[in-house]
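> Here is how the chains run, residue by residue.
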Amino acid sequence: MMSGRPANPPAAARDPGGASDPDIMSRLAKGDSDALGQLYDRYQQQVRRFLVQATADAEDVDDLVHLTFLAAAKIAGRYDGRLSCRPWLVGIAAQLLRRRRRAVARFFAVLSAATRGRAASLDPGGMLQARSDVERALLRISEAKRITLLMAEVEGMSCPEIAAALHIPIGTVWTRLHAARRELRRILTPGEGGAP
Amino acid sequence: MSGAPCPRQFEVEAMRDGRLGEVERASFGRHLTACAACAREARALDALAGALRSDPGRRGHADELHRWRERTRLLRAFDGSLVARRPVAPKASWAARKWLVWPVAVSALVAGLAILTKVRLGAPPAPPVLAASIQADQAAVWSRDSAPDNRERVVLQRGTLSIRVDHASFTGRLQVVLPDGELEDTGTTFTVSVEDGRTVRVAVAEGSVVLRLRGQPALAIAAGATWVPPGRSLPPIVPVSAPALGSAAPRALAPPPLAATAPPARGSRHRDPSLTDAAVDFRAAMALLRAGDGRGAAAAFAAFRFRYPADARAEDAAYLRVIALQRAGADGEVQRAAREYLQLYPRGFRRADVESLRR
Chain A
1 MMSGRPANPP
11 AAARDPGGAS
21 DPDIMSRLAK
31 GDSDALGQLY
41 DRYQQQVRRF
51 LVQATADAED
61 VDDLVHLTFL
71 AAAKIAGRYD
81 GRLSCRPWLV
91 GIAAQLLRRR
101 RRAVARFFAV
111 LSAATRGRAA
121 SLDPGGMLQA
131 RSDVERALLR
141 ISEAKRITLL
151 MAEVEGMSCP
161 EIAAALHIPI
171 GTVWTRLHAA
181 RRELRRILTP
191 GEGGAP
Chain B
1 MSGAPCPRQF
11 EVEAMRDGRL
21 GEVERASFGR
31 HLTACAACAR
41 EARALDALAG
51 ALRSDPGRRG
61 HADELHRWRE
71 RTRLLRAFDG
81 SLVARRPVAP
91 KASWAARKWL
101 VWPVAVSALV
111 AGLAILTKVR
121 LGAPPAPPVL
131 AASIQADQAA
141 VWSRDSAPDN
151 RERVVLQRGT
161 LSIRVDHASF
171 TGRLQVVLPD
181 GELEDTGTTF
191 TVSVEDGRTV
201 RVAVAEGSVV
211 LRLRGQPALA
221 IAAGATWVPP
231 GRSLPPIVPV
241 SAPALGSAAP
251 RALAPPPLAA
261 TAPPARGSRH
271 RDPSLTDAAV
281 DFRAAMALLR
291 AGDGRGAAAA
301 FAAFRFRYPA
311 DARAEDAAYL
321 RVIALQRAGA
331 DGEVQRAARE
341 YLQLYPRGFR
351 RADVESLRR
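Which chain is which? The protein sequence lines are A and B, in order.
Per the numbering used here, the first sequence starts with residue 1, numbered consecutively.
Per the numbering used here, the second sequence starts with residue 1, numbered consecutively.
Hints listed in this document are in silico derivations from the structure and should not be mistaken for laboratory results.
Source: prediction; values computed, not measured.
Please note that the accuracy of each hint is not assured.
Stated by the list, open to error - No more than 20 Å apart at the CA atoms, straight line, and that leaves these computed lysine to any residue pairs for SDA-like:
hint, chain 1, residue 1, chain 2, residue 2
1, A, Lys74, B, Ala77
2, A, Lys30, B, Leu75
3, A, Lys145, A, Ala164
4, A, Lys30, B, Asp79
5, A, Lys145, B, Glu13
6, A, Lys30, A, Arg98
7, A, Lys145, B, Gly50
8, A, Lys74, B, Arg73
9, A, Lys145, B, Gly18
10, A, Lys74, B, Gly80
11, A, Lys74, B, Ala47
12, A, Lys145, B, Ala51
13, A, Lys30, A, Ser20
14, A, Lys30, B, Gly80
15, A, Lys145, B, Arg53
16, A, Lys145, B, Ala44
17, A, Lys74, A, Asp34
18, A, Lys74, B, Phe10
19, A, Lys145, B, Ala47
20, A, Lys145, A, Arg185
21, A, Lys145, A, Leu70
22, A, Lys145, B, Phe10
23, A, Lys30, B, Ala77
24, A, Lys74, A, Arg99
25, A, Lys145, B, Leu52
26, A, Lys74, A, Arg27
27, A, Lys30, B, Phe10
28, A, Lys74, B, Gly50
29, A, Lys145, A, Ile170
30, A, Lys74, B, Gly18
31, A, Lys30, A, Ala71
32, A, Lys145, A, Thr172
33, A, Lys145, A, Val134
Okay, chain A solo, but in the shape it has when bound (with noise of 0.2 Å):
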């Protein structure tokens, strides 16, 4: 009855005839470069699509793409050698995208204080228009929230995982997961909140 979640696509892990995921980031991890285009090869979209779901602001997802991976080059010696590099990816552009919340926040509240009128509101505005139903309702939810259920609906990833990604409690990977669906259910469904 329930379909659940996605698995993490094994296949993703080994092309055929390629090399595995471990395999390349040992070589990432001495410095070859080779190394990092094939990472590239392969994750690249997946790592895209989540950042392109998860930030309201698409025109910077090149770059917070391109920081992942260079992120994950850089501490590619630190990597737990499981089969896919598929989550530990995604863990890391989530983290990019948690710096850079704080650091727009920073930017905003120095810009609040200097004007004393309302900070410059983050809402994407016209990009809104040109999105679907779920991805504004998205949108509208924080991007913690938003962050830990693509991590899990989207990208197929354990509470565990996302907790380990993350850097938080699975506890609180729970609690976000279920606020964000009540909040999704509420604006895409008005009346409707979901399980209490």
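Following the hints, complete the assembly by docking chain B onto the known chain A.
Chain B alone, transformed into the frame defined by chain A:
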């Protein structure tokens, strides 16, 4: 919306998120088959997840060209970070440095004066460092320049160009402007032909290119593939695993002098080009010859001789180019190619054969 809520409804989400233990999950699974409210809640959560997953990559999809640019940017940044991480030599002491002050100052002054003089006299700017090595056939009308954004541009109006870009030393972009569109190199070796204001053939030997013709979607052409416009039967696509170089026979190299502008052929970073690339290219040229694509083979042999002048097969390539042109029925070009062979290899093994072809 209707129906009484079930006290166990919260377990739907708990089960979805893996919060239930083995026994609880089995128990709730049985409950789910009997409880309409919980089943409805499960369907609602599934629908929500389905909506999130429905075509999530639609807007996130980047076209091939964009992806390639971003990939190049990433690898460049990574290479830069590796360079930055390398240990630097200890700084020279002041005692050592002070001897450098005067020579450096004088050199800077001389250089400044030289630049100023050149500018005043209207001297042409120094030729840009160009990374693509290009061979043009006799009919080719083309030009090349470089832009400040690390982009090299080749404008092809007519004829055939065989182009090789050494990405090991060139991190920029090469764009070929065609009468009916553009082509961007994302690989290393390819051939493009234009006739009557239309692109009629693109053959990729190594790497890949992206062809953008006006009014048509971008098309990525991979190594070993040959693109021809729909409805055009010639020349045939040659199914070779190794690269196939394009059509039209090149003659003496078109401007600018290739030896001056083209870096020596290099393969990818981890290959020995003298062993690997040459063998692959020679096989590809032979495959074209065997497939009956005389012009393509002639271009490939010419490219081979240009790229590997010191290779033991360079003379064979020069000779086979003559043969390929003869098979293609290009009599005028046969004469030129034969003359070239005799000039390059006056005591060559095939001298007698080639001389007989000139008569």
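> State for each hint whether it applies.
Taking the hints in turn, this is what the structure says about them:
1. Lys74(A) with Ala77(B): Holds. Lysine 74(A) to alanine 77(B) sits at ~12 Å (cutoff 20 Å).
2. Lys30(A) with Leu75(B): Holds, at roughly 15 Å.
3. Lys145(A) with Ala164(A): Distance ~16 Å between lysine 145(A) and alanine 164(A) Cα, so the pair holds.
4. Lys30(A) with Asp79(B): Roughly 12 Å between the alpha carbons, so the hint for lysine 30(A) and aspartate 79(B) holds.
5. Lys145(A) with Glu13(B): holds, 16 Å
6. Lys30(A) with Arg98(A): Between lysine 30(A) and arginine 98(A) the Cα gap is close to 28 Å, so the pair fails against 20 Å, i.e. violated.
7. Lys145(A) with Gly50(B): With a Cα-Cα distance of about 18 Å, the restraint between lysine 145(A) and glycine 50(B) holds, given a limit of 20 Å.
8. Lys74(A) with Arg73(B): The given pair, whose Cα atoms are some 16 Å apart, holds under the 20 Å limit.
9. Lys145(A) with Gly18(B): holds, 18 Å
10. Lys74(A) with Gly80(B): holds, 12 Å
11. Lys74(A) with Ala47(B): Roughly 39 Å between the alpha carbons, so the hint for lysine 74(A) and alanine 47(B) is violated.
12. Lys145(A) with Ala51(B): holds, 17 Å
13. Lys30(A) with Ser20(A): holds, 16 Å
14. Lys30(A) with Gly80(B): holds, 15 Å
15. Lys145(A) with Arg53(B): holds, 16 Å
16. Lys145(A) with Ala44(B): Roughly 19 Å between the alpha carbons, so the hint for lysine 145(A) and alanine 44(B) holds.
17. Lys74(A) with Asp34(A): Between lysine 74(A) and aspartate 34(A) the Cα gap is close to 14 Å, so the pair holds against 20 Å.
18. Lys74(A) with Phe10(B): Distance ~42 Å between lysine 74(A) and phenylalanine 10(B) Cα, so the pair is violated.
19. Lys145(A) with Ala47(B): holds, 18 Å
20. Lys145(A) with Arg185(A): Within the cut-off at roughly 13 Å; holds.
21. Lys145(A) with Leu70(A): violated, 25 Å
22. Lys145(A) with Phe10(B): holds, 19 Å
23. Lys30(A) with Ala77(B): holds, 16 Å
24. Lys74(A) with Arg99(A): holds, 17 Å
25. Lys145(A) with Leu52(B): holds, 14 Å
26. Lys74(A) with Arg27(A): holds, 12 Å
27. Lys30(A) with Phe10(B): violated, 48 Å
28. Lys74(A) with Gly50(B): Violated, because 35 Å separates the two Cα atoms, which is more than 20 Å.
29. Lys145(A) with Ile170(A): Since the Cα atoms of lysine 145(A) and isoleucine 170(A) sit roughly 13 Å apart, the hinted pair holds (cutoff 20 Å).
30. Lys74(A) with Gly18(B): violated, 32 Å
31. Lys30(A) with Ala71(A): holds, 14 Å
32. Lys145(A) with Thr172(A): This hinted pair holds, its Cα atoms lying about 10 Å apart.
33. Lys145(A) with Val134(A): holds, 15 Å
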